[in-house]
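As given, the protein sequences belong to chains D and V, one line each in that order.
Under numbering that gives the first Met the number 0, the residue at position 150 of the first sequence is numbered 149, and the numbers go up by one with no gaps.
Under numbering that gives the first Met the number 0, the residue at position 234 of the second sequence is numbered 233, and the numbers go up by one with no gaps.
Honestly, the hints are just simulated from the structure, not real lab data.
It is possible that part of the hints are untrue.
[Claimed, not checked] Taking lysine-lysine pairs in the BS3-like style, the calculated list, with each CA pair at most 25 Å apart, reads:
1) Lys115(V) x Lys31(D)
2) Lys212(D) x Lys83(D)
3) Lys178(D) x Lys165(D)
4) Lys83(D) x Lys115(V)
5) Lys162(D) x Lys83(D)
6) Lys160(D) x Lys178(D)
Keep in mind it's a predicted model, so treat the numbers as computed, not measured.
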Amino acid sequence: MELIQQLINGVSLGSIYALIALGYTMVYGIVKLINFAHGDVFMVGSFVGFYSITVLDLSFVPALLISMTVCALFGVLIERIAYKPLRNATRIAALITAIGVSLLIEYGFIYVRGAQPEAYPSDVLPTDKFNIFGVSINSQSVLIFGVAVVLMIILQIIVHKTKIGKAMRAVSFDADAAKLMGINVNNTISATFAIGSALAGAAGVIFGIYYIKIEPLMGVLPGLKAFVAAVLGGIGIIPGAMVGGLLLGVIEALVSAAGYSLWRDAVAFIVLILILIFMPQGLFGKNKKEKV
Amino acid sequence: MTTFKRAKGFWLSISLSLIFFAVIQVLIGGGSLNPFYQNTLMFIGINIILAASLHLIIGVTGQFSIGHAGFLAVGAYASAIMTMKLEMPFVVALIVGGLVAALAGLIIGIPSLRLKGDYLAIATLGFGEIVRIILLNIDYVGGASGMQVSHLTTWPWVFAAVLVTIIVIRNFTSSTHGRACISIREDETAADSMGINTTYYKVVAFAIGAFFAGIAGGLYAHNFYIIQPSNFGFLKSFDILILVVLGGLGSLSGAVLAAILLTVVTTFLQDYPETRMIIYSLVLIVMMIYRPQGLMGTKEITSMFKRKGGSSHENKNTAA
Numbered sequence: 000m001e002l003i004q005q006l007i008n009g010v011s012l013g014s015i016y017a018l019i020a021l022g023y024t025m026v027y028g029i030v031k032l033i034n035f036a037h038g039d040v041f042m043v044g045s046f047v048g049f050y051s052i053t054v055l056d057l058s059f060v061p062a063l064l065i066s067m068t069v070c071a072l073f074g075v076l077i078e079r080i081a082y083k084p085l086r087n088a089t090r091i092a093a094l095i096t097a098i099g100v101s102l103l104i105e106y107g108f109i110y111v112r113g114a115q116p117e118a119y120p121s122d123v124l125p126t127d128k129f130n131i132f133g134v135s136i137n138s139q140s141v142l143i144f145g146v147a148v149v150l151m152i153i154l155q156i157i158v159h160k161t162k163i164g165k166a167m168r169a170v171s172f173d174a175d176a177a178k179l180m181g182i183n184v185n186n187t188i189s190a191t192f193a194i195g196s197a198l199a200g201a202a203g204v205i206f207g208i209y210y211i212k213i214e215p216l217m218g219v220l221p222g223l224k225a226f227v228a229a230v231l232g233g234i235g236i237i238p239g240a241m242v243g244g245l246l247l248g249v250i251e252a253l254v255s256a257a258g259y260s261l262w263r264d265a266v267a268f269i270v271l272i273l274i275l276i277f278m279p280q281g282l283f284g285k286n287k288k289e290k291v
Numbered sequence: 000m001t002t003f004k005r006a007k008g009f010w011l012s013i014s015l016s017l018i019f020f021a022v023i024q025v026l027i028g029g030g031s032l033n034p035f036y037q038n039t040l041m042f043i044g045i046n047i048i049l050a051a052s053l054h055l056i057i058g059v060t061g062q063f064s065i066g067h068a069g070f071l072a073v074g075a076y077a078s079a080i081m082t083m084k085l086e087m088p089f090v091v092a093l094i095v096g097g098l099v100a101a102l103a104g105l106i107i108g109i110p111s112l113r114l115k116g117d118y119l120a121i122a123t124l125g126f127g128e129i130v131r132i133i134l135l136n137i138d139y140v141g142g143a144s145g146m147q148v149s150h151l152t153t154w155p156w157v158f159a160a161v162l163v164t165i166i167v168i169r170n171f172t173s174s175t176h177g178r179a180c181i182s183i184r185e186d187e188t189a190a191d192s193m194g195i196n197t198t199y200y201k202v203v204a205f206a207i208g209a210f211f212a213g214i215a216g217g218l219y220a221h222n223f224y225i226i227q228p229s230n231f232g233f234l235k236s237f238d239i240l241i242l243v244v245l246g247g248l249g250s251l252s253g254a255v256l257a258a259i260l261l262t263v264v265t266t267f268l269q270d271y272p273e274t275r276m277i278i279y280s281l282v283l284i285v286m287m288i289y290r291p292q293g294l295m296g297t298k299e300i301t302s303m304f305k306r307k308g309g310s311s312h313e314n315k316n317t318a319a
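Just need the whole structure built from these sequences, with the hints factored in.
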């Protein structure tokens, strides 16, 4: 029973990783950039959600929507200011910029607001516990998982059924050809950042409700782990990020359950190194040959 | 003739640096330098070693590694165990620290150097975090509360280590092996097809870089009274990375200059850590947008004194 309990915890954590990983994987798929600042967009989303709930006195759904909107705008802003001038620069230059942007957001935020942590109010979502076959399940975990699944379904619909989704797929397949076909590549890239950042914002609110404590540097570790999840599922592949996130959450919960909770953070990186060595294309990816 | 000239320049710079050493030593002995300046001087020395060792990996060989604090941590803890637990002399501790870090470089280097670019960056970042978490969980070295270390780092040690590091890395870079590493940086596929064993040279660069980072770790550990795993997180790796990026990816003298400059800036901003990080990150972003090759590019400071059209072989390409 303990094991099933841990699995449920793992799935809740995993759905947060999955939501963040989606942003990584979409951005990587379209501009081949590891957006290090993504974890910090997640942090900003969490704080926007916190202030909407405490200061504006909103309930869960409006807070979630406000946080997603703010994060979408924030993501587009980051892309336009920092990444767009580097569209044709080397990948290493872009990566260094991304690290710089990430640190700028973290320490700019601390500078403006201070480093003190905040606690989410505990009455945002009902916290009933109910028993199924002797396993006690928190209604919060069910709701969180439900929200994550709904967002992922909406994402799938956007990517596969709408015009902007088609443009996104075209640009990630071949940006030059897409441009020749009359697709506005810049707007498509901005839309990708907007959608990815909105998902990170949602993940931030969910994280706050589930783990209560939020602070300005909270985005670093979940951000890195979500990247591991994206690599695990095959970077650039949307269903891969979902599966990778859930899998990573479950692995971490199982490691904690086995009594090695202090090693939990190391496990994600060991998974990363193993997957990069033995299966660099990820679980869902196809092996690409390099052309000279 | 050119060999003779180069040798002359080499001995000239060695004697100049020895004079510099003697002057500082006399100032410290005479009590003209207060402990604050002495400490800044130690930090500059340690940062120069770190910048030079990372320069070998990123600037010369073109392997983007952002887990350098991991090697620093391995060297720091290994040498601290040597002096504190096994009561070995400091010089043995420094060398053991370097060797253990080089071993760590080999262990991480051999598997992860099959990766390129962003993937390698993330793998090295993961390595740095794994080292930190392992140290956090070993009770022998004190876990999260850290380890007491006696203060052994003095100016002659730091100076000797800096001198050896710079000579070795400079000579390595201009040797056959160094040229092979540069060719990997410029185009790995082309280097491979010219018969260069790219994996071998990448691992060698990693191991040498890690060795010197380990020695810097030994000096770093014995400069404080306590070392903790939290000193060696991602931010420490970032501190080292910015030295190399600011100085110019591929310029040893650039890395050294950036190490001196940024250590002084850091000392002045010690009471405002947020401001410091904001300045650092803005410098990185603006630099990448307007001057991605860094302050010096791949040029060395000595090439400024050479006549144009001389025997110098300027490399117009950048590592980035």
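- Message: If you test the structure against every hint from before, which numbers come out violated?
- Response: Result: hint 2 breaks, nothing else.
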